[in-house]
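J.: I would like the entire structure built from these sequences, with the hints used as guidance.
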Amino acid sequence: MEFDEFDALVLRTKEGLRAQEYLEDYFPFDSWRSSEEEIERVEHELDVRLPGQYKEFMVRHGGGAFLFVDLLPVVAPGPREEDLVSVNRDSLRETGFLAVAPVGTGDWWGFTLTGTECGEAVEFRFHDDGLRERAAPGFLDFLVRHGLRRDS
Numbered sequence: 010m011e012f013d014e015f016d017a018l019v020l021r022t023k024e025g026l027r028a029q030e031y032l033e034d035y036f037p038f039d040s041w042r043s044s045e046e047e048i049e050r051v052e053h054e055l056d057v058r059l060p061g062q063y064k065e066f067m068v069r070h071g072g073g074a075f076l077f078v079d080l081l082p083v084v085a086p087g088p089r090e091e092d093l094v095s096v097n098r099d100s101l102r103e104t105g106f107l108a109v110a111p112v113g114t115g116d117w118w119g120f121t122l123t124g125t126e127c128g129e130a131v132e133f134r135f136h137d138d139g140l141r142e143r144a145a146p147g148f149l150d151f152l153v154r155h156g157l158r159r160d161s
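For the sequence shown, this note's numbering begins at 10 and goes up steadily by one.
Each hint should be verified, as a subset may be incorrect.
[To be verified] Okay, the calculated beta carbon distance ranges per label pair:
| # | residue 1 | residue 2 | range |
| --- | --- | --- | --- |
| 1 | Glu11 | Leu76 | 15 to 23 Å |
| 2 | Gly139 | Glu14 | 31 to 39 Å |
| 3 | Lys23 | Glu65 | 13 to 21 Å |
| 4 | Glu24 | Glu46 | 27 to 35 Å |
| 5 | Phe12 | Asp39 | 14 to 22 Å |
| 6 | Lys23 | Asp138 | 36 to 44 Å |
| 7 | Asp99 | Leu26 | 34 to 42 Å |
| 8 | Asp160 | Glu49 | 31 to 39 Å |
| 9 | Asp39 | Gly115 | 20 to 28 Å |
Don't read these hints as lab results, they were simulated from the structure. Every residue gets a Cβ at the ideal spot worked out from N, C-alpha and C, and that includes glycine.
T.: In structure tokens, the structure reads:
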């Protein structure tokens, strides 16, 4: 999936949600956007190269709530919030996995590392045994399937 198609789908989804009533403190989409400089700094700090779609999404849309998925922001908006570095700093090399979204059960969605390169596919990592299975071939496909709950 390309960004033009993805952005149009997100816009249609947001327009459909505007008509719905939500609790006062609920926001189906956050936008803790990252700058390219923040992304470069985090890549340097973690010694990884993040996938292109992921980086572009974080600049365009950002971390936080993305309807049915919570995405770690590249840089936390506050001192008590988790972000890419705080979650991955200690386990990254040991697991060969960069977590980007909690599933809510102790499991994570993220990218498998080969050396310092993150793969493009989004993997589901089981917390109890560390096994992984492919969730989507790319980050935008993952967001459509799990975040928007639509077929890509």
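J.: Now tell me, hint by hint, if it's right for this structure.
T.: Checked hints:
For the pair glutamate 11 and leucine 76, the beta carbons lie near 20 Å from each other, so the given range of 15 to 23 Å is met. Glycine 139 and glutamate 14 have their C-beta atoms about 34 Å apart, which keeps the hinted 31 to 39 Å range intact. Checked against the hint of 13 to 21 Å, the C-beta distance between lysine 23 and glutamate 65 comes to roughly 19 Å, which is consistent with it. Range check, glutamate 24 to glutamate 46: about 32 Å between beta-carbon atoms, so the 27 to 35 Å window is met.
Distance hint for phenylalanine 12 and aspartate 39: a CB-CB separation of about 19 Å, consistent with the stated range 14 to 22 Å. About 38 Å separates the C-beta atoms of lysine 23 and aspartate 138, a value consistent with the hinted range of 36 to 44 Å. Checked against the hint of 34 to 42 Å, the pair aspartate 99 and leucine 26 passes, with Cβ atoms roughly 37 Å apart. One distance hint, 31 to 39 Å for the beta-carbon pair aspartate 160 and glutamate 49, holds here, with the actual separation near 34 Å.
Taken as a hint, the range 20 to 28 Å holds for the pair aspartate 39 and glycine 115, whose Cβ atoms sit roughly 22 Å apart.
Violated hints are absent here; each numbered hint is respected by the structure.
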